[in-house]
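For reference, each letter of the sequence shown is one residue, going -40 to -1, 1 to 205 in mature numbering (1 follows the signal peptide of the UniProt record, and there is no 0).
Please note that the accuracy of each hint is not assured.
What the hints assert, rightly or not - Computed list of lysine-lysine pairs in DSS-like fashion (alpha-carbon distance at most 25 Å, straight line): (1) Lys144 x Lys175; (2) Lys144 x Lys27; (3) Lys59 x Lys175; (4) Lys117 x Lys175; (5) Lys117 x Lys27; (6) Lys144 x Lys108; (7) Lys108 x Lys59.
As the list claims (entries may be wrong) - Okay, the calculated beta carbon distance ranges per label pair: (8) Ser6 x Asp131: 31 to 39 Å; (9) Ala76 x Thr121: 17 to 25 Å; (10) Asp118 x Thr5: 18 to 26 Å.
Derived by calculation from the structure, the hints in this document are not laboratory data. Note that beta-carbon positions come from the ideal geometry of N, C-alpha and C, so glycine has one too.
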Amino acid sequence: MTTSPTRARRGARLRAALTGAVALLVAGTGAVLTAPAASAATVDTSAWYVLVNRQSGKALDVLSSSKDDGAQIIQYTRADAANQQFQFVSSGSGYYRLKSRSSGKVLDVWEWSTAAGAQIRQYTDANGDNQQFRLADSEGGRVRLVSKLSGKVVEVKDRSTANGALVVQGDDGNQYNQQWQLVKVGSGTTSPTTPPATTAPTTPTSWPTPRSSTKVSSTIKVSGTRDMGLVRYYGISSGDQGESQ
């Protein structure tokens, strides 16, 4: 049986439409399968943050509020003090330096080490690779701080929950002691309170000039209203001393 040219063209168009639909379906499935993971928490580079460790609940802290290069970074009970507040300073390409509010210095992988267990300290900001960290997502909105230099993450040493435990770098295992909650504490600037104005002391009213003086030898009683001015009564002395008024 001979197929008409019109029917053949219709069949070709149908096959082309079905092929296009299948291609779109496959492409859509591929888009779903290759969708990127959620991006790490977006930080406000104008704000200050306290970083709270998931394992211990304690905060990242510059030891003894030191302003010296090389001061150790520890964990300590959260107090939102200036030595527990850090600002994220962008280095570009998703990396940040963490600047201490109390010292102005930044977190630093000490001596450019790439070894697990190397201490995190503070040092003058030089925007070095050992001072740059990117944020990697963990559950519950927490993040891990990944060193640009070593690829290792900032963690509390030995999973300690004690005050004063050192903060070091370690291989990324997404462990609780490697996870940090970023708690924004705002500007932290409080306007000084204006003290209340001091009221000048009231100048005491001077005694009026007496119109007369009367010597008395015993207690007298004065009652009613008298409007003839001040009368000086005396009996202790001659009448010219203040205690006899």
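So if I understand the rule, the pair passes when the alpha-carbon distance is 25 Å or less; does Lys108 with Lys59 pass?
holds (16 Å)
Regarding the pair Lys117 and Lys27, is the alpha-carbon distance no greater than 25 Å?
This hinted pair holds, its Cα atoms lying about 23 Å apart.
Tell me if the straight-line CA distance from Lys117 to Lys175 falls inside 25 Å.
violated (94 Å)
Return holds or violated for the Cβ distance of Asp118 and Thr5 against the range 18 to 26 Å.
With a Cβ separation near 32 Å, Asp118 and Thr5 fall outside 18 to 26 Å, so the hint is violated.
Distance restraint between Lys59 and Lys175, which requires alpha-carbon spacing of 25 Å or less
violated (85 Å)
When you check the alpha-carbon spacing of Lys144 and Lys175, does it fall within 25 Å?
violated (81 Å)
Given the hinted pair Lys144 and Lys27, is their Cα-Cα distance within 25 Å?
holds (22 Å)
Using the C-beta atoms of Ser6 and Asp131, is the stated range 31 to 39 Å upheld?
At roughly 33 Å between Cβ atoms, Asp131 and Ser6 fall inside 31 to 39 Å, so the hint holds.
Determine whether the Cβ-Cβ distance between Ala76 and Thr121 falls within the hinted range of 17 to 25 Å.
holds (20 Å)
Holds or violated: Lys144 to Lys108, with C-alpha atoms at most 25 Å apart
holds (24 Å)
Violated hints, listed in ascending order, are 1, 3, 4, 10; each of the other numbered hints is respected by the structure.
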